[in-house]
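A.B. asks: Given next are the chains, with one letter for each unit.
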Amino acid sequence: MTDSWTPNPAAAADAAVTAILADLNSTRHRGVVVDSPPGAGKSTLVVRAAAELTAGGERPIIVAQTNNQVDDLVIALASQHPHLVIGRLSASTYVAPPAVNTPANTSVGSTLADLTGCQIIVGTAAKWATVRNDTFGWAILDESYQMRSDMLLQIVERFDRGLFVGDPGQLDPFTVVGTERWIGLPHDPTQNGVTVMLDHNPGIPVHRLPVSWRLPPSAAPTISQAFYPFTGFTTGTDGIRALEFTTAPFGNTDLDETLATAFSTGWALHELPRRHVPRTDTETIQTAANLAGRLLDRGAVATCERHRNGRPLEARDIAIGVAHRDQADLVRAALTRTGNPSAHHVAVDTANRLQGREFEIVIVVHPLSGRRDATAFYLEAGRLCVLTSRHRQACIVVAREGITDLLDSHPSTDPVHLSVPAKFPDGWEANQVVLAKLAQHRIAAV
Amino acid sequence: MNAPVDDRLAALRGSARRLPYSARSLAALENNPRCTLRALLDSSGSDKAAIAERAGFPSPFGQSTFALARGNAFEAMVKANGCAELLRVLRETLQLTLPEVGYTDLNDVGGDARPEIRAARTAHLLVRAALGQGDSTLYDHPMLRLIVGGHAVFLEPDLVAFRIGDRFHVVEIKSFPIIDGQAAPAQVRSATTQACAYVIALRAMLAQAGIGPQAVSDQIILVAPKDFTNRPTAAFVDARKQVATLTRQLDRIARIGDLVALLSDGLTFDLDPDSDDRPRRPAEELTSALDQVDTTYRPDCLNHCEMAFYCRSRARANMSLDVLGPAVREQLGGIDTTTMALGLARGQLVPADDQREMTTALRHAARLRAELGGAA
Amino acid sequence: MSMLSALAHLEAMESWQAIPLTEFRHRHLSARPLVIIPLTMAGEAGAPLAAMVGSARRQRTLLVVDQPRNRDQRFAFAAALGQIVMDYINSFRQDRRGDGDRSRYTDAPQILVPNPGGIKALADLGRMCRFRQTTGPYAVAEVVPEFGMWLTFLVDAAEEAGTSMLLPITGMLAEHWATGQSTLENQNLASLMAWIDPPSGVSVEQALADAENPDVCPPAGPTTSPQFDNRDLAPAIRRFDTANRLGDPQALADAESDLRDLVAEQVQPTWRMLWNAVALMRTVPEAPRAARRFERDCVSFTNYSDYQDSGPLPQRKRDAAVGAARRLGRQERALADYEADMAFDDPFVLADRRSVGEAFAGTVVEAEPGRVVTTDKNRRVPRPRIVVRTEDPLRLAPDTALISPSPTVPANHRARIVATVPDGAATLVTVEITSGMGRARVPTPGTVPEGGDRIAYLPDPGWRPTPVFPDADSMPWTHTAPPDQPDPDNAESDDAAEEWGHD
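Chain order of the listed sequences is A, B and C.
Going by our numbering, the first residue of the first sequence is number 1, and it counts up by one from there.
Going by our numbering, the first residue of the second sequence is number 1, and it counts up by one from there.
Going by our numbering, the first residue of the third sequence is number 1, and it counts up by one from there.
Chain A with its partners taken away, still in its complex shape:
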């Protein structure tokens, strides 16, 4: 279904973008959807589409889901289009970071009246929901698969037409209250806004960005097969990604063996002994931190198309991904215990908060590690997708032995609903694909 390499990924990606922009210009549809797998150039597309619309006489708004996403977009727009004035619509309590404030062509304000001179206004969905009257011709909705339908309903009157960009393979929006009464309704408020919009407007064109520029050739086929089973994507790099140590180890530990495997193949499974443990298990968490610490101690150089002569890896190039906030806190504490002076610059976060971000090397604490039961939260495909698709060079998974058996004997007690299509990718199947890959690069921890 997917090749590991197309002859000309750049051409394929360009063709897709051309088709998307053509749909923006035509008047046949009220909306355009762009499915963007990890690292496929979503932000580049958003910036380009905004500029194109502006050039065509529009005054588009951009809706993102978090303040960080808004900041990143404002900075990218301002730097790439110095002749445009970019407005940031913010909560009154928001304090803009210097990178947002400093450029001459950005403006921060808490009402639209403050931003009348801006050609493009960017804000979070939550902030746009507080705007009552103004309307715009176009909205570009970024990370729109992570925007809940009830949020879309609060902002949709602000724009006539919408470009919905996002990654359907990553985490869905959720709620903690019971949802039975809405299941099967096309306007289910707990669904993501894109799915609801498409259910009501089946003619809307759905494009796909076909190439991941982030994931290395070692990862793209696995991620594509596991999390994008019907649509797929290919890698855009031409095999130039590489990692090398700057020092040899003295006293070769199992950590070194894991790192070596990751460096040479792009994957590693650092497998701890089988045990049932809570998700806060010290040994698992310290191991993840120690891998980062060892990596920093030994030093590494990463080569890629942006740095063909190699670039020394810094702490901020490394991320440790977990499922739950309490694990993130514990990992941060564990990093200080590694003794490496720059360890605290390693990014540590949950899958929810790692969405949209990118690193050279990612260490993952497997969501199912040590568990007795694979409940829906920990089995969810989107979670594992985010955790294993952030990296440009290598992904190292830390897990206790036993996940295979857990999956093998997993009871299927999910409720079954009428008239609702089954959701794919299936968490169980996706986990199997990833495990199968990791099994080929397994190091048994001592």
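It should be emphasised that the hints constitute simulated quantities derived from the structure, not laboratory data.
Hints are supplied without guarantee of correctness; some may be wrong.
As the list claims (entries may be wrong) - List time: in silico EDC-like cross-link candidates among lysine to aspartate or glutamate, alpha-carbon distance up to 20 Å: (1) C:K377 <-> A:D114; (2) C:K317 <-> A:E180; (3) A:K127 <-> C:E332; (4) B:K241 <-> A:D414; (5) B:K241 <-> A:E429; (6) A:K42 <-> A:D72.
Assemble the complex: chain A is given as a structure, and chains B and C must be docked to it using the hints.
C.D. replies: Leaving out everything else, chains B and C in the frame of chain A:
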């Protein structure tokens, strides 16, 4: 499955007649694939209800005559007059175009109602239909054979195989209601478990004639009363995932040999019935035999398995955390018993290396409770 | 489930008795609740078999449907039950206080059922009744559609956390007590009561065995046990049917009376147990904010009551787009507020949150009471800081907004976390106080914690603005169905297809 394993399983079962897999045992499989005792009892065809009762823990399952009567009456009404109501519902509610309808009742074959005969006739007709011959659309009471753990299971047909276009759809007729387009998810699930077994069996049968799996749709049709009326309505259930899961779980049954190999020689659950079919095996002997096999008890077993009361009493006797359910289990990681957990919490037990942080958390919680004035 | 709750369950399991999970009862308990124990017939939704109903232990009415498949009898039952329930509800539409928009009834009805199944039975009954017509070929009594709408209103309210107008007693009990059994088993009222208040002279183990034996403890419903159905109920109903067919008035009266006695025997034990449970819950003090939340119930009741007075339409079968989005927002807010209220009111719940790092308590080790900052509007405002030393495994991030239930600070005390620093096994939390100090430039005495004080903090659920959605008559393109989709609410109600005869 190989003969030694079969022999061993037969020995486990003892003298009683072999009970084939049923809808209930399939449901138990789906809900607890991990449980060794359930796997052994079901694979050996043992009568779990009888065993549980003899062991002193009769199971509460039973069917109300009202539910049975209602089910039969509804099904009869839906299928009356050559399935007139069924066809109406398929056309109107599901908007299926059915130009011509031929009806074939596979209930008995010229008076011979034996499962093997009916299954053979069903296979013959359905394969012909799949190859484009024959003019029937509706096949009532199709008897299908499914190989589960090396043994033939004849799936009792309370449904219809329905051919539209070039595919078969499995139609389940149930009498719980579909209210405003929704039905109780647990009931839908158990209805579709049977239907999924059908899809698998039908595909296996057609595969033997060289016909691919796409000939059987994985969209199951559920026909049930509409709201509070007795008129039927219908809905599709997307069974792709459930079919895949059930297939995997049925495959696991083939690996029963691994579990059997771990049993001690001479272990049997035979009830040793007398000439009036009353068990003579002493209850304590039976329970010590059962006690030799691992169970994976979870409170949910009370909804599905005839052995649940026995397993629960065993868990209670061991002060196992299984009694409290997965939510508590998950908090306590590798700790298995209440005794261990409380002992660590109170500082009466010294934690092993891998219990240290659990113990810190337990002691902190115990301190908090003590602050509140509750004893720890 | 936190480590603290888990510990309570463990202790209960070890000691064979229920252990309190909370100090308070977090639900309002009416002085005069209406208890309804519904029984339904197996195999069919909307086939009520019986109901025992009353607002005091000794004031009970038993309604029995002799032939539950018979449509006329079904709606006669609904009318009878509906009259009792509406009389009860109307008794709360008397006493009103306040003017204009703020006017509301001073009290609201409270209906108690044994378990969540009871709520489902009332939901089905509400759905069955609320669309019926009172005129025409399949007319029902006046009270029936009104009853249906009120039941639906109450069932919808019950979905919102923290409300008290319709409650399952098992839920109320399990909120306050931890047992040594699972959540599933806790839905059996008799099992639950065996842990909390076993019958005298009976061990808890025996009481639990009895609770699961339908011959000793008839199930609390709405489903009856299959054994009862097959052995007792089916023959009794058959006798009724036969007498009916034969037109023999004596046999009919006997059959009816036998059926009533049979059903009464099934329901009475649950009735007694439920009122015992109510008495037990009354001994648990009510949480302060439960009263406040009940006032919101009164407002909600008043609004619906006023709507009923002005030509009401029955609630839609399925939510429309805006209604669904609104309900979701309301339910999320209600849950967040309820959880914060419980932690604020109840030291047990607060301890629970503390054990998972979502609240903390400790001692003030440093204080900077005179700290003042200049806001970006050039005002000087007090922003004192304190450092709290806590041994709780705190997991709240810097900048988290905080509130405090401690008596040493006023109720409107607000703060935020500035930083957390480990200190051996403990943590030092720097907290900045942002409000609740009075209006002056200098904090009012007693509003700022001092060194040596014990203080607790939990996250402030915050205030969320009410979401604004498009008008129902100008639904946007993203949420408007294509014209070929059927709308279940516009489908005709199929009154004729209600019966197929007695089985």
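A.B. asks: Check each numbered hint from earlier against the structure, then list the numbers of those it violates in ascending order.
C.D. replies: none
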